[in-house]
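There are 2 protein chains.
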Amino acid sequence: MSVLHKKSARLRDEERARLIWLLSTDKAVTSSLLGKLTLAERYDDSTLADDLAEVEMLVSHLPPPDLADALEALPYDARNALWRLVADDKRGKVLLEASESVWGDLIEEMSDHDLLFALQNLDIDEQVYLLQHLPRDLTGRLLATLPADKRARIRQMMRYADNTVGAIMEFEVITVRPEATLAAVQRYLRRLGKMPENTDKLFVTTRNKLLLGELELQTILLNDAQKRVGEVMEGDPVTFQPHEDAEKVARTFERDDLLSAAVIDADGKLMGRLTIDEIVDVVYEETDNDLRRMGGLSNDDDVFAPVSKAVKTRWAWLAVNLCTAFIASRVIDGFEHTISQLVALASLMPIVAGIGGNTGNQTITMIVRAMALQHIQPGSFTFLILREMGVALINGIVWGGIMGAITWWLYDDPQLGGVMTLAMMLNLLMAAMMGVIIPMVMVKLGRDPAVGSSVMITAITDTGGFFIFLGLATLFLM
Amino acid sequence: MSVLHKKSARLRDEERARLIWLLSTDKAVTSSLLGKLTLAERYDDSTLADDLAEVEMLVSHLPPPDLADALEALPYDARNALWRLVADDKRGKVLLEASESVWGDLIEEMSDHDLLFALQNLDIDEQVYLLQHLPRDLTGRLLATLPADKRARIRQMMRYADNTVGAIMEFEVITVRPEATLAAVQRYLRRLGKMPENTDKLFVTTRNKLLLGELELQTILLNDAQKRVGEVMEGDPVTFQPHEDAEKVARTFERDDLLSAAVIDADGKLMGRLTIDEIVDVVYEETDNDLRRMGGLSNDDDVFAPVSKAVKTRWAWLAVNLCTAFIASRVIDGFEHTISQLVALASLMPIVAGIGGNTGNQTITMIVRAMALQHIQPGSFTFLILREMGVALINGIVWGGIMGAITWWLYDDPQLGGVMTLAMMLNLLMAAMMGVIIPMVMVKLGRDPAVGSSVMITAITDTGGFFIFLGLATLFLM
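Sequences listed follow chains C and F, in order.
Per UniProt numbering, the very first residue in the first sequence carries number 1; after that it's consecutive.
Per UniProt numbering, the very first residue in the second sequence carries number 1; after that it's consecutive.
FYI, nobody ran anything at the bench for these hints, they're computed from the structure.
Positions of the beta carbon are idealized from the N, C-alpha and C atoms, including for glycine.
Just so you know, not all the hints are guaranteed correct.
Chain C stretches covered by chain F per the calculated footprint, using a threshold of three residues with CB under 8 Å from any CB of chain F [unchecked claim]:
| id | stretch |
| --- | --- |
| 1 | 185-197 |
| 2 | 252-260 |
| 3 | 319-330 |
One-sided and incomplete, this derived list gives chain C residues near chain F with beta-carbon spacing under 10 Å [to be verified]:
| id | residue |
| --- | --- |
| 4 | 17 |
| 5 | 161 |
| 6 | 275 |
| 7 | 347 |
| 8 | 350 |
Could you put the whole structure together from the sequences, leaning on the hints where they help?
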């Protein structure tokens, strides 16, 4: 970690905010950087030169993570203007730190050659990661520039799916032999002169890479230098395999307060390591995606995307919603005759549908979360259905009763009040049941329960609510 | 970290799953542990003895984090049965690892004395944290058992609000003086014999605790033993103050790949440190809470809570929802005359309301997320409003147009189709605008924009949608 990286967090927060502020408020700065100002315009603006100089100073000053944050927080034009100022040798790191949703904008104006050049300061696993996920796939060109042995290792790494350990592990590890003394290990480390970032432990292996244990830096410092590695190492460490799910591994890191862990192949040979910084990124990404999915947004919906892109990323859910609303509308249409005889039904039916949607969404949010946290076992299914239906029954009796009484009083019609109470109760029960069943079925079908669950439950409680209420009204009031 | 902690993650996953399975499927095990079986019943069941023995073995075997997970994944009875098996000296750690939502169940049957006894193996900051947040507040009793100087420090710590650095920092730090040689530091560490968990660096201070810098364990190992601490330390470290917001600090940890950081007071004196394991917990909690709040659930809504508790934690949102639905219903009621003349309006109005709700929720989710990630600056407000309204306008023209055409065809009424298109467009525009304004206003008022934003936007798009559609229909069709 460089010294630049480490400077006061508060000062950097201020500098980053200042940079964003300059670029998002002074349009002339952006225009000037994008070459859209004439010379006359440029010299007319007296604060422009100052602002430009300050922007340039801040860009050269701020470390990559802050530049990445600033890029994410700016609209399209300002984002491009800022990107032009980022030095070539910093661009790779900035891309790596920036979120996927802005990559498209940033590399738009870069040639393939520029892009490969920008990445050359990164570790090879970082390069591969970026090239695989950038909108333009340049992995072929990158591979061509590498020696054969490296190429083979990278091909292997590329096989691992996103969200697996293999895709986020690092190759750089320090290994030591069990028969070495701690003094020898220290001499070896001093000769190396540096360790990979976030190294809290070394790995103890045989000559052909079989993992025997871990040696924490702490252990080296706390024990007598004459002791041998094999005597003081942790002999039964937590390890992972490359095909394991990254989100699950993140839970293990959290549970065991791990800082790093070995990644081994099926034969127990050391392949690389996982570090907590990658895990923290996984956690942020995982939960961010969950939140977006529940709200019907796609993962690359960027808050500063232009209108055209935002329309494109959101139209699918809108279309689904329109279809379900249309179906609900046809259900109501089927009861046209009933409504024409008692128009009050039209004003009351959204209450029945709405309360069902609210309860269904509460239930489904809880179930989806509990599933993500692995708190739900197959055996709990019956309990959950019964519990949720119990809650719905009580709420149905209480709130349905209150609403029924109000309806009676408003329309002076006890029977209409009774229909209201019964319809609310039934719709709440259905909402609760479907709120448990929908995510369970989605998991059974191997799908992500968070995606679209809210849209689906609302569709069911709307259509069902209208049908139940208008159906009961037709039965009892006509 | 004990050896027990470190055993194979896979094996532990299996053991934990097995324990949960045994307790959630074999009711006799739970009943027997809770003393609800007669002797006859006990001896009739041949597998019971085996299952009981296995449960006991697993409980004594599994480390606290896994026991905590198992407790969270079990219904009330089984949870209590399992808790009875947990050894006294493990209970403190298990409580610490378990989520807040199960604490009430677990300590229900424990006396104050048992509880204080269970906590005595924990660090003092952990004890205070638990006692402050457990449903029963025993801080007074704990404080009484402590010497005066400790009591003062704890009183001070208790002053910090939840979600601040002060509430999650640890007091245990190792400090060294700048003039010491690295060899002397190594001798000192060996004499100490152990370091606090997750120590990746020591702190360099003056005699009266003024923080001068940080000394990573790496640095001790990589440099010549004759060098002085002051020569090789990091002199400008990232530090935090106790009143800072924990979620913001978590972002800094992520951005800078920190493993630990010093906490200092206003005079620059070292108070304690933050470690990445606490930060990971903060991240999980933060995002979990966001998800729950957006879905209208409270933070202590536990998936295995009994019906009575679930009714209590959820009734507030249900009541709010019912009120807003009632208002929407009154708006429709105002147009009773219009609807009675053209019943088709009753079936079409939910489409207008629904599409507005969908768009509003997409917008608000995106804005709330961007705010949490600090991607939105005051200057972006106009851009966001205009962008979202642009998206809404396009969607309104396209989907409103399609729906208008379908309406025309279904009811053979071009004017009704026109009203449909116009109403959808207007409601989408309103949804987009309110989706930006609501969270912005809530932040201005110092409130959490995630809480209730979804309920609020749905209320507005429903009421507004009905009003716009029925209002336009009254104007143009009557």
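Violations among the numbered hints, reported as their numbers in ascending order: 5
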